[in-house]
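Now for the letters of each chain:
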Amino acid sequence: MRISRRAFAAAAVAVLLPLSACGSGGGGGGSSDASGKVEGDITFQTWNLRANFKPYFEGLIAEFEKKHPGTKVKWVDQPAEGYADKISADAAGGTLPDVVNVSPDLVAPLAKAGLALDLDKAAPQYEKEYLPGAWAGHRIPGMTGTYAFPWYLNTGPLFYNKTLFKEAGLDPEQPPKTYDELFSAGLKMAEKSGGKVATLANVPTIEDFGRYGVQLMNKQGTAFSFNDDKGVRLLAKYKELYDAKALDPQALTATPESSGKKFLTGAVAMNPGSALDLGNFKKQAPSLYKNIGITDQVTSTGHVNMYVMGVMVNSQSKRKPAAVAFAHFVTDAAHQMSFAKKVAIFPSTAGSLDDPYFTKEDGSDETRVRVAAAKSLKTAVNYTPVLFSEQMKIALRNEVAKALQGKQSPKEALDNAVKECDRLLQQQG
Amino acid sequence: MALSGISRVRRQLPTSPWLFAAPGLLVTGAFVLYPFLSTLVNAFTDRRTLIPGQFVGLANFRELLQDDMFWTGLRNSTLYVLGVVPPLVVLPLLLALLVQKNIPGITFFRSAFYTPVVASIVVVGLIWVWLLDDRGLVNSLLETVGADRVGFLSDQWLLLLSAMAVTVWKGLGYYMIIYLAALGNVPRELHEAAAVDGAGAVRRFMTVTVPAVRSTMVLVGALSSVAAFKVFSEVYLLAGPSGGPAGEDTTLVMLVQRTGTGLTGRVGYASAIAVVVFVVTVVLMLLVLRADRKEES
Numbered sequence: 001m002r003i004s005r006r007a008f009a010a011a012a013v014a015v016l017l018p019l020s021a022c023g024s025g026g027g028g029g030g031s032s033d034a035s036g037k038v039e040g041d042i043t044f045q046t047w048n049l050r051a052n053f054k055p056y057f058e059g060l061i062a063e064f065e066k067k068h069p070g071t072k073v074k075w076v077d078q079p080a081e082g083y084a085d086k087i088s089a090d091a092a093g094g095t096l097p098d099v100v101n102v103s104p105d106l107v108a109p110l111a112k113a114g115l116a117l118d119l120d121k122a123a124p125q126y127e128k129e130y131l132p133g134a135w136a137g138h139r140i141p142g143m144t145g146t147y148a149f150p151w152y153l154n155t156g157p158l159f160y161n162k163t164l165f166k167e168a169g170l171d172p173e174q175p176p177k178t179y180d181e182l183f184s185a186g187l188k189m190a191e192k193s194g195g196k197v198a199t200l201a202n203v204p205t206i207e208d209f210g211r212y213g214v215q216l217m218n219k220q221g222t223a224f225s226f227n228d229d230k231g232v233r234l235l236a237k238y239k240e241l242y243d244a245k246a247l248d249p250q251a252l253t254a255t256p257e258s259s260g261k262k263f264l265t266g267a268v269a270m271n272p273g274s275a276l277d278l279g280n281f282k283k284q285a286p287s288l289y290k291n292i293g294i295t296d297q298v299t300s301t302g303h304v305n306m307y308v309m310g311v312m313v314n315s316q317s318k319r320k321p322a323a324v325a326f327a328h329f330v331t332d333a334a335h336q337m338s339f340a341k342k343v344a345i346f347p348s349t350a351g352s353l354d355d356p357y358f359t360k361e362d363g364s365d366e367t368r369v370r371v372a373a374a375k376s377l378k379t380a381v382n383y384t385p386v387l388f389s390e391q392m393k394i395a396l397r398n399e400v401a402k403a404l405q406g407k408q409s410p411k412e413a414l415d416n417a418v419k420e421c422d423r424l425l426q427q428q429g
Numbered sequence: 001m002a003l004s005g006i007s008r009v010r011r012q013l014p015t016s017p018w019l020f021a022a023p024g025l026l027v028t029g030a031f032v033l034y035p036f037l038s039t040l041v042n043a044f045t046d047r048r049t050l051i052p053g054q055f056v057g058l059a060n061f062r063e064l065l066q067d068d069m070f071w072t073g074l075r076n077s078t079l080y081v082l083g084v085v086p087p088l089v090v091l092p093l094l095l096a097l098l099v100q101k102n103i104p105g106i107t108f109f110r111s112a113f114y115t116p117v118v119a120s121i122v123v124v125g126l127i128w129v130w131l132l133d134d135r136g137l138v139n140s141l142l143e144t145v146g147a148d149r150v151g152f153l154s155d156q157w158l159l160l161l162s163a164m165a166v167t168v169w170k171g172l173g174y175y176m177i178i179y180l181a182a183l184g185n186v187p188r189e190l191h192e193a194a195a196v197d198g199a200g201a202v203r204r205f206m207t208v209t210v211p212a213v214r215s216t217m218v219l220v221g222a223l224s225s226v227a228a229f230k231v232f233s234e235v236y237l238l239a240g241p242s243g244g245p246a247g248e249d250t251t252l253v254m255l256v257q258r259t260g261t262g263l264t265g266r267v268g269y270a271s272a273i274a275v276v277v278f279v280v281t282v283v284l285m286l287l288v289l290r291a292d293r294k295e296e297s
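Those sequence lines, one after another, are chains A and B.
In this text, residue positions in the first sequence follow UniProt numbering: the first is 1, and each later residue adds one.
In this text, residue positions in the second sequence follow UniProt numbering: the first is 1, and each later residue adds one.
Hints in this document: simulated from the structure, not taken from any laboratory.
One should not assume that every hint holds.
[Unchecked claim] Computed far set for chain A versus chain B, every beta-carbon distance over 10 Å:
#, residue
1, Asn52
2, Asp77
3, Ala113
4, Gly221
5, Arg233
6, Lys239
7, Glu366
8, Ile394
[Said to hold, decoys possible] Here are the simulated lysine to aspartate or glutamate pairs, EDC-like style, with alpha carbons at most 16 Å apart:
#, chain 1, residue 1, chain 2, residue 2
9, A, Lys290, A, Asp365
10, A, Lys54, A, Asp85
11, A, Lys419, B, Asp134
12, A, Lys196, B, Asp68
All figures in this text were calculated on a predicted structure; none of them were measured in a lab.
Ideal Cβ placement from N, Cα and C applies to all residues, glycine included.
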């Protein structure tokens with residue numbers, strides 16, 4: 001009996017001792033000093049790029065290792081699904097790679113936990129190489145510093161089905177440019193098709209509120225403000241679309257993939273996408289491809305939305321000089337340009353968008369999309385606040401859904417969404 | 001004195017059994033006990049993914065009581081148990097009775113009924129989304145016969161019912177196998193005696209088969225109720241990451257996933273929800289087993 005108690009106590013200590021160590025270090029941060037010899041082994045993590053760009057990255061790494069003898073880069077690639085969770089696990093477990101492919105919303109919590117290197121301190125000499133807006137894209141409200149090198153930029157055109165436009169009596173050569181035009185086209189199309197053809201398949205996201213001209217956050221970045229009159233007006237208009245079936249009935253649970261499929265089958269007349277989608281249309285829906293219309297994103301501000309990718313350096317890295325040098329190498333003008341020629345993305349380096357590759361059309365749809373996107377990127381805005389987390393996106397989506405279903409007014413819905421997002425923002429610390 | 005103490009310990013705690021058990025104990029400790037205790041500890045902290053927590057007592061549990069989404073999750077998980085367990089106790093038994101017979105080609109049917117069990121839940125989810133989508137096969141058939149389309153995946157309640165149907169469909173084969181094993185142990189003489197006494201098929205089923213497999217039914221009830229309360233995949237795949245329209249189809253485990261993961265995840269709060277899920281599943285098991293004991297006595 002005495003022994004079993006002892007054994008139990010020993011087992012309990014063995015189990016409970018590690019518990020006292022649970023939780024990550026967070027907050028401490030590492031030194032910002034990245035000076036010294038570029039050498040040693042580092043790990044570089046990309047976001048779902050190995051499948052399509054393996055030769056490009058292998059060449060890039062070989063080039064870097066040749067330029068800096070004594071360095072070795074281990075490349076790991078993570079699937080798109082659950083990427084944030086993988087980074088969370090690594091960050092919490094202290095196994096975050098030295099150089100990590102991130103988006104601004106992923107950088108924010110890592111920077112707050114002291115895991116992202118402040119490049120304004122560690123590598124300020126590189127700032128001038130990038131577009132000012134792109135460099136600023138990895139700044140965090142409430143913090144000083146820049147926490148990732150800007151990598152590629154992206155923006156997408158809006159595709160529309162010319163046949164459906166014609167059938168609804170709309171001019172297929174004059175697609176809607178502003179939200180007001182979009183709403184009136186949507187209502188007309190729903191009326192003409194007896195509710196069978198919707199114009200849109202997604203509920204408004206934070207980017208829609210931004211493109212509509214809504215002030216998303218206060219200037220200090222301490223509270224959200226998308227429940228202003230403009231925000232309420234936008235949501236009320238979406239409610240009108242939903243009631244008229246100009247917004248697909250399944251929009252409340254739609255994902256980008258499901259709405260893309262609806263567009264392919266002709267159930268929805270307009271869908272956002274990228275130049276990559278043209279190939280899919282050609283392959284999966286040749287009849288749609290013949291009637292595809294390509295236009296700029298709908299915006300009432302004159303500025304389209306821009307997605308920014310970055311390359312972050314782990315502040316806890318034991319090989320900071322090599323990590324900073326490699327992160328810069330991946331994102332410098334020459335390498336961004338060569339990557340852009342392999343895939344429909346756009347460099348964030350100063351002057352790159354003036355390259356004839358982004359300014360001259362050759363008559364093909366692909367070039368037309370590329371040139372138009374590159375042009376719009378010069379004034380594009382990243383409308384997603386860097387502090388807007390996944391939980392906040394769901395909170396907004398759920399409140400928007402309640403408003404569309406008529407369970408609460410647009411004003412109540414947005415007030416609740418802002419309240420919830422502010423609460424989550426406070427909890428982020 | 002000391003030596004005799006050690007030898008007494010050696011006598012009472014022989015080494016070799018512990019050495020044999022060590023690999024299992026280590027695995028259980030690392031992957032079962034440690035996460036369990038860690039969750040329990042985290043539930044009383046405000047820990048976040050990247051920020052170690054402070055002890056906050058019962059604050060997470062108090063917050064749960066005021067969280068509408070928690071009550072939505074609790075409601076949906078409970079409804080799931082009520083909607084899924086009765087068909088999963090009864091239908092696989094009937095299916096097992098059907099495929100129990102040794103007739104030519106029956107192996108094909110046994111395998112066919114078991115196929116959904118081994119199919120990946122993601123594949124199953126995708127197939128059912130294609131079937132139940134607004135423009136899916138079922139709605140196309142309905143339209144062909146002149147009926148209106150049904151919003152299986154856009155209506156809050158229909159979506160939950162659809163997810164329940166997927167769970168039942170996927171679970172039938174698994175529980176059928178359990179029942180097949182139990183039916184194999186029912187003495188044939190009992191059926192023959194009942195038949196001699198003039199009992200028909202239904203009566204024989206009620207008076208011979210059901211009592212003979214009653215403990216298996218209890219086991220199936222207990223297993224399926226715990227699984228149903230912890231449902232995640234079916235609802236997630238059909239309702240999407242936001243949990244259906246306005247999140248109204250969110251279940252408790254979906255809420256744990258949504259709240260506790262990601263770089264800004266609230267690990268402490270999600271752990272508190274997980275503790276509630278644990279307590280409810282234990283209570284469910286106890287209730288089922290108690291009902292069984294009462295029935296036996």
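Verification of the supplied hints:
The claim that A:Asn52 lies off the interface holds: its Cβ sits roughly 22 Å from the closest Cβ of chain B, which is beyond the 10 Å cut-off. Listed as outside the interface, A:Asp77 is consistent with that label: its C-beta sits roughly 19 Å from the nearest C-beta of chain B, beyond the 10 Å cut-off. The non-interface label for A:Ala113 is inconsistent with chain B: the shortest C-beta to C-beta separation is roughly 4 Å, within 10 Å. No Cβ of chain B comes within 10 Å of the Cβ of A:Gly221; the nearest lies about 15 Å off, and the non-interface call holds.
With a least CB separation of 21 Å from chain B, A:Arg233 remains clear of the 10 Å interface cut-off, as annotated. Remark: the non-interface label on A:Lys239 is consistent with the geometry, its nearest Cβ contact in chain B lying 13 Å away (cut-off 10 Å). With a closest Cβ-Cβ approach of about 29 Å to chain B, A:Glu366 is found to remain outside the 10 Å limit, as its non-interface label requires. For A:Ile394, the condition that its CB be more than 10 Å from all CB atoms of chain B is violated, with the nearest at approximately 5 Å.
Our distance criterion of 16 Å between C-alpha atoms is met by A:Lys290 and A:Asp365, whose separation comes to about 11 Å. Taking the CA atoms of A:Lys54 and A:Asp85, the gap is about 23 Å. The hint is violated against a cut of 16 Å. A distance of roughly 33 Å separates the Cα atoms of A:Lys419 and B:Asp134; the hinted pair therefore is violated under the 16 Å criterion. Our distance criterion of 16 Å between C-alpha atoms is broken by A:Lys196 and B:Asp68, whose separation comes to about 35 Å.
Of the numbered hints stated above, those contradicted by the structure are hints 3, 8, 10, 11 and 12, listed in ascending order.
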